[in-house]
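So the sequence shown is numbered by this note's numbering: it starts at 584 and just counts up by one.
Please keep in mind that the hints were generated in silico from the structure rather than gathered at the bench.
Computed from a predicted structure; not experimentally measured.
Cβ atoms here follow ideal geometry from the backbone N, Cα and C, with glycine treated the same way.
It cannot be assumed that every hint is accurate.
[Claimed, not checked] List time: in silico EDC-like cross-link candidates among lysine to aspartate or glutamate, alpha-carbon distance up to 20 Å:
| id | residue 1 | residue 2 |
| --- | --- | --- |
| 1 | Lys732 | Asp793 |
| 2 | Lys1008 | Glu676 |
| 3 | Lys1008 | Glu993 |
| 4 | Lys732 | Glu593 |
| 5 | Lys850 | Glu593 |
[Stated by the list, open to error] Here are the computed distance ranges between Cβ atoms for each label pair:
| id | residue 1 | residue 2 | range |
| --- | --- | --- | --- |
| 6 | Asn597 | Pro996 | 20 to 30 Å |
| 7 | Ala816 | Glu795 | 34 to 44 Å |
| 8 | Ile799 | Arg771 | 22 to 32 Å |
| 9 | Val997 | Ile911 | 35 to 45 Å |
| 10 | Ala1006 | Ala816 | 24 to 34 Å |
| 11 | Ala941 | Glu676 | 28 to 38 Å |
| 12 | Ala1010 | Phe819 | 18 to 28 Å |
| 13 | Lys590 | His947 | 33 to 43 Å |
| 14 | Ile799 | Phe1009 | 45 to 55 Å |
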Amino acid sequence: MLEQYFKLKELNTNVRQEVVAGITTFLTMAYIIFVNPAILSEAGMDYGAVFVATCLAAALGCFIMGLAANYPIALAPGMGLNAFFTYTVVLTEGYSWQSALGAVFFSGCIFVLLSLFKVREWIINAIPQPLKLGIAAGIGLFLALVGLKSAGIIVDNPATLVGLGDITGLQAGLAVLGFFLIIGMAARGMRGAVMIGILAITGLGLAFGDVEYQGIVSAPPSIMPTFMQLDIAGAFNVGMLSVIFAFLFVDLFDTSGTLIAVAQRAKLLDEQGRLPRLGRALLADSTASIAGSVLGTSTTTSYVESTAGVAVGGRSGLTAVVTGLLFIAAILFSPLAGMVPAYATAGALVYVAVLMLAQLAHLHWDDLTEAVPAVVVLVMMPFTFSIAHGIAFGFISFVGVKVLSGRASEVSPVVWALAVLFALKFAFGV
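Build out the structure end to end from the sequences listed, making use of the hints.
Below, the structure written as structure tokens:
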């Protein structure tokens, strides 16, 4: 039955190979079950409920991707998007987390429509490559700032805005150690380096008496504090339009880039370099986001860590299904997740930042009209503590430098429209 449904022979794979690939993918991305609740709980959401919602949303996304699209691509609440949810939408702009979930819901619905009517390709192709690279790198730097702040390594300073914290303290020291542990294991090619690093630092925190032991396995906590708590009406606020757009925008690029990267590694592209069943894959991503908002978590997206499973032979949707089953099993480990301190995840955030900043290698630095907009995004995201503001300034600067350089013809109508809308937003404080 598995052979026929997932076309294993046609894809030159087998059940054992797919199971191993699914386990490998899970190990490389399981850190999200610790990091996501830690970030969203700062927005006032119940930690245990978010933990369950994270596992369920990830499992559902994996199942849809595996069963409907037959691709070895796993999904989970996206890094960067969860930080935007908490630190920008809720803590900076002052919206409730219920309204933020409503924005996630609407962005997922728009993503579904864009996928059904095949508008996504047109939008993606219209956005300049420098802005795509700048957004990815900017989110990485934003995550690094969040991680360093949570570890107490970077603190606020009245004279200089930011300053160095007490790096001789236990928590800062363990965060730094966790970062180096993850880097060392990743450099050696160890699967699950991020998760192992988080658990190792949690164990040391427990040994030093900084973490209270709560157990390892227990019945799952209630999901009711976040289930169906999204505020649809609150998301209709005019000011939420930019928030919905930011969720949609980042998810579009995350998903597209991940799908292509994983498909290339698995040699699943056709002769024209296109991805078969692309529509199904996009629908899997967007419907998982909608379901995640109902369960109580930020935008669910495809994970580039899926390449780890592909590297060990994953070729079909069975890989994603196995990963989804492991996310279901992870729900039983809620006490362990509850013990993970913020400084234990700090190293993971900085490590993810390193991977995302690598995108800048593809930027044409010798062309100032391309380098400047990307750097503007990169700088403005962490310094304004807002992914949405970074994107907005990036579009405005792209149009500005192209026009003043006599290359206005290189600006597409879509970019013109977005830049004007962003400029109006800042001008009128909408």
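Outcome of the hint check:
The hinted pair formed by Lys732 and Asp793 meets the criterion: a straight-line CA distance of about 18 Å does not exceed 20 Å. Using a Cα cut-off of 20 Å, the hinted pair Lys1008 and Glu676 holds, with the two alpha carbons roughly 14 Å apart. Our distance criterion of 20 Å between C-alpha atoms is broken by Lys1008 and Glu993, whose separation comes to about 24 Å. At roughly 49 Å between alpha-carbon atoms, Lys732 and Glu593 are farther apart than 20 Å, so this suggested pair is violated.
Distance hint between Lys850 and Glu593 is fulfilled; the C-alpha atoms sit about 13 Å from each other, no more than 20 Å. In this structure, Asn597 and Pro996 break the distance hint of 20 to 30 Å, their C-beta atoms being roughly 49 Å apart. Evaluation of the 34 to 44 Å hint for Ala816 and Glu795 yields a pass: the beta carbon distance comes to about 40 Å. Separation of Ile799 from Arg771 is about 27 Å and conforms to the stated range, judged on CB atoms against 22 to 32 Å.
Taking 35 to 45 Å as the suggested C-beta distance range, the pair Val997 and Ile911 conforms, at roughly 40 Å. For the hinted restraint 24 to 34 Å between Ala1006 and Ala816, the CB-CB distance of approximately 29 Å keeps it satisfied. At roughly 30 Å, the beta-carbon separation of Ala941 and Glu676 lies within the given 28 to 38 Å, and the hint holds. Taken as a hint, the range 18 to 28 Å holds for the pair Ala1010 and Phe819, whose Cβ atoms sit roughly 23 Å apart.
For the pair Lys590 and His947, the beta carbons lie near 40 Å from each other, so the given range of 33 to 43 Å is met. Our hint of 45 to 55 Å for Ile799 and Phe1009 holds, since their Cβ atoms are close to 49 Å apart.
The earlier numbered hints that this structure contradicts are 3, 4, 6.
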